[in-house]
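We have chain A already, so just place chain B on it with the hints.
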Amino acid sequence: MEKLYDVIVVGAGNAGMVAAANTSKAGLKTLLLEKHNIPGGCATSFRRGRFEFEPSLHELCSVGTAEKPDQVYTIFENLGAKPKWYYETDYLFRAIVKGENGYDVRLKTGVEDFCNSVDAAVPGSKDNVRAFVDLKEKVDAAINYIYATKGNPSGPVMLLKHADFMRVAGHSVEDVMTALSIPEKARNIMCTYWGYLGVPTDELNAMHYLNMLYGYMINGAAMTKHRSHELSLSLIEVIRKHGGEIRFNSKVTEFLYNDDGSVAGVVANGEKLYSKEVISNVIPHNVFNMSQADKIPEQHLKLANAREFGISVATIYLGLDCTREELGLDDYTIFVMSDPNPRIQHDTRTDGGFYIVNCLNKVVPDSSPEGTCTLFFTMPIFGHDVPKDLAPQDYKKYKNELAKKYIEDAEKTLGISIMPHIEEISVATPVTFARYLGTPEGTIYGYKLSGWDNLMARIAGEKDDFTIPGLSFCGGHHVRGDGYSSAYIVGETAANRVIQRLKGDA
Amino acid sequence: MSRPKLWKLNPLKFTKMSPARQAKIEASPAKPLPSLDSYKPNQIANALHPKAQYLKVVKIKDEAGGAKSYYLAPNQEKGTEALAWFSAGQYVSVTLKIGDMTLTRPYSLASSPRESLENIYMITVENVEGGLASQFILNNWKVGTEITTSAPLGNFTYEPLRDAKTVVVLVGGSSITPIRSLALAVADGDEDADLIILYGSRTLEETIFFQDLLNLEEKCERIKVVNIFSEEEREGYEHGFITAELIKKYAPDDEYSLFICGPQVMREFVDKEIETLGLRKKFIRHEVFGEYFGPSKEADYPENVAPSFKVTVRIAGKEQVITASSDISLLRSMEANGISAPARCRSGECGWCHSKLVSGEIYTPKIIDYRREADLIYGYIHPCSSFPLSDLIIEVPPFAE
Chain A
6 MEKLYDVIVV GAGNAGMVAA ANTSKAGLKT LLLEKHNIPG GCATSFRRGR
56 FEFEPSLHEL CSVGTAEKPD QVYTIFENLG AKPKWYYETD YLFRAIVKGE
106 NGYDVRLKTG VEDFCNSVDA AVPGSKDNVR AFVDLKEKVD AAINYIYATK
156 GNPSGPVMLL KHADFMRVAG HSVEDVMTAL SIPEKARNIM CTYWGYLGVP
206 TDELNAMHYL NMLYGYMING AAMTKHRSHE LSLSLIEVIR KHGGEIRFNS
256 KVTEFLYNDD GSVAGVVANG EKLYSKEVIS NVIPHNVFNM SQADKIPEQH
306 LKLANAREFG ISVATIYLGL DCTREELGLD DYTIFVMSDP NPRIQHDTRT
356 DGGFYIVNCL NKVVPDSSPE GTCTLFFTMP IFGHDVPKDL APQDYKKYKN
406 ELAKKYIEDA EKTLGISIMP HIEEISVATP VTFARYLGTP EGTIYGYKLS
456 GWDNLMARIA GEKDDFTIPG LSFCGGHHVR GDGYSSAYIV GETAANRVIQ
506 RLKGDA
Chain B
84 MSRPKLWKLN PLKFTKMSPA RQAKIEASPA KPLPSLDSYK PNQIANALHP
134 KAQYLKVVKI KDEAGGAKSY YLAPNQEKGT EALAWFSAGQ YVSVTLKIGD
184 MTLTRPYSLA SSPRESLENI YMITVENVEG GLASQFILNN WKVGTEITTS
234 APLGNFTYEP LRDAKTVVVL VGGSSITPIR SLALAVADGD EDADLIILYG
284 SRTLEETIFF QDLLNLEEKC ERIKVVNIFS EEEREGYEHG FITAELIKKY
334 APDDEYSLFI CGPQVMREFV DKEIETLGLR KKFIRHEVFG EYFGPSKEAD
384 YPENVAPSFK VTVRIAGKEQ VITASSDISL LRSMEANGIS APARCRSGEC
434 GWCHSKLVSG EIYTPKIIDY RREADLIYGY IHPCSSFPLS DLIIEVPPFA
484 E
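The listed protein sequences correspond, in order, to chains A and B. Following our numbering, the numbering of the first sequence begins with 6 at its first residue and continues without gaps. Following our numbering, the numbering of the second sequence begins with 84 at its first residue and continues without gaps.
Keep in mind that the hints are not guaranteed to be accurate.
[Stated by the list, open to error] Here are the simulated DSBU-like pairs of lysine-lysine, each with C-alpha atoms no more than 35 angstroms apart in a straight line:
1. A/LYS300 x B/LYS161
2. A/LYS34 x B/LYS393
3. A/LYS131 x B/LYS88
4. B/LYS88 x A/LYS141
5. A/LYS404 x B/LYS449
6. A/LYS410 x B/LYS123
7. A/LYS404 x B/LYS364
8. B/LYS139 x A/LYS393
9. A/LYS256 x B/LYS134
10. A/LYS256 x B/LYS393
11. B/LYS134 x B/LYS114
12. B/LYS96 x A/LYS190
13. A/LYS402 x B/LYS151
14. A/LYS409 x B/LYS332
15. A/LYS277 x A/LYS30
16. A/LYS367 x A/LYS89
Worth flagging that the hints you see were computed from the coordinates, not collected in a lab.
Chain A on its own, in the form it takes in the complex (with noise of 0.2 angstroms):
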């Protein structure tokens, strides 16, 4: 059978965008199939009223700048795309726990200071956050080599020379903190960010964690001009100029296969559709749903069957109709939390025990029109925590019953006056993001990074988990999990090995 395209990646999401982008830079000839009519998955933006609003970026981790480039701005270096970057520099977050053992405090960015942050907070706390800090380096040096040896390591080698990479990535990030005897308030502090990978931190891999934290902590957060809309056509932008086709409105509601169980292809719009490889950007358990059964090896339905999916999130988007100088907030990102612990904020989710505000407007100043601004809200809760019993007609309220709760504890915490300048408001919940992704539950982290099913477990377990030939997979399902930067790294990564697949090393 002659193959029609080269690749064909399934999702405009962050990490399809990537493979889009690479492959058809590459050359191949590509074909991005997108079900919305618009690319980017999350990463987009809409309009209500006068404001256009960030619907999911609260800050992009390991982007660095011109001078210094971390991961993801070589990503879109490489590939051509030059999205407006903006920094937030002053301060990492802002972290506010409620009630009698709380605390306020301000981490500030780049390693020094982040550590003397702590130490303001936790007096002589200091060297022992910094011995966290300082893993870095020694678990980038074992990465390094597991590279190098393309994954098959030696285990001496290992135990002789990474025996700290092994001690960092084969444990929680409580257990790694606490070995370290960094001071239980310290650590509450240092753990705040859990919530962007929607595991608390005694189950999440301490190597993980530390790669994020280090990301954030060297580089600041990293933000666009235009909403990620502007990220996401900056890489459809790639893929066009470089001869790749793109089809909005273009569902894919099948996947086809060969007698030898290859990936054949894929039928969208009712039309079949046939290339040498595809590349998903779609959550497996969806892609396996849309396959003919006998064609998915019994350990894919395992794995699938084994994994619980990752978190979601419920989240408030507020256009109001005064500056964020009137409004009072100095803080692009502020947690708010009901206890110190990480795993009681997890477990106190739908009662307000974890929120993320952020005012763009701190990282850039014209992101809403002359004397207004814009909120965003972000609980992460899982599709599970929708109530059973919601009835489809009760959802309205239910939302803004959600909404006036964290709106008026966000009031009375930061001191503020929110309410009365409410010119545009929506509210999403993991059923707006059932709905946008189509993914179980609304999941928006794919699985989760549970202790078993960690992001070390994963890389180590990818060539056993995926063995359909033809197939490969990229986005927040993936290996390195949730998040925009782990997205774009999977996604060329995923398109590196279909290169290499396909034009070998030449």
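Frame of chain A; chain B shown alone:
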């Protein structure tokens, strides 16, 4: 402070990670995966936002001025079991096949959200002289006619955390449809607001839903209706247009929200009037504009624009060249040439027709320009609010229900 004791952590635990994961996977069943419908968030998402709704006309009622109300119920043979719930003020985009053309029209749901639980929607179609879609519907739809619509759409809804407790509605002519739904929702207790409806029409005779609204006013003390007739003086009714004076006469002394909904001319008139009221923007809400006509009257419209241009339209790998008039939206020109292009609000706002402008120049009136900021950098347009200023190449997503 104690010294760091990382050595206490066993590095060999790392070597057990993969076997532990493998064991966990091995212990799981290889059973088929549940369908999306088994998850609560996906269930609600599908119930509220079905990809399409297959409906049937079950009843037709004559309304004032030659308008007709169509009662729609699920077409179960086509796969729609139940109607989607909606917020009062929302519309459905109806797909129409007229000759060789496939086009869409947004119609506000005029029935109460509660009625959708009994599987009834009502839309009302005004008798517009020369109106392509309205004349087609009025002449062709019968009891039993099968139609396809979108899920309920649009943001012209009452939002309790944003809007004032009292809503003063400024509405003209057949634009009353979403307001009928809103009034019913207030009467049903589904929306918690007081309504003062300033309703402009030509004469009582031509006032759509005159009796319905009177009944609602009697039934529910939160609803007040003020009829304003422009071409008729009647005892007990206002005469003329909806002016700032009239708004002040009926609006409460404290905070209120204005909901404005009417044809282009009424909107232009009312927007000037309300400037004098000094209301904050948050208290002024507009229904989507409706189709826009006559871009050349705008102050920023360029001079010496040719009457028509050659437009190359690319959809899903196919290409067609059409002649497009400079004073007709690209969407309408495509439809007139038999090209099915995606569209919903047809007012610039929803972005459903979002398309790539590969080359050439277009004009979009400011009042209906809802493009995203990055769209302007990377050359994307909304064909429903775009008018050609040169020959163009555009890339349009395929029509999808």
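Against the structure shown, which of the earlier numbered hints fail to hold, in ascending order?
none
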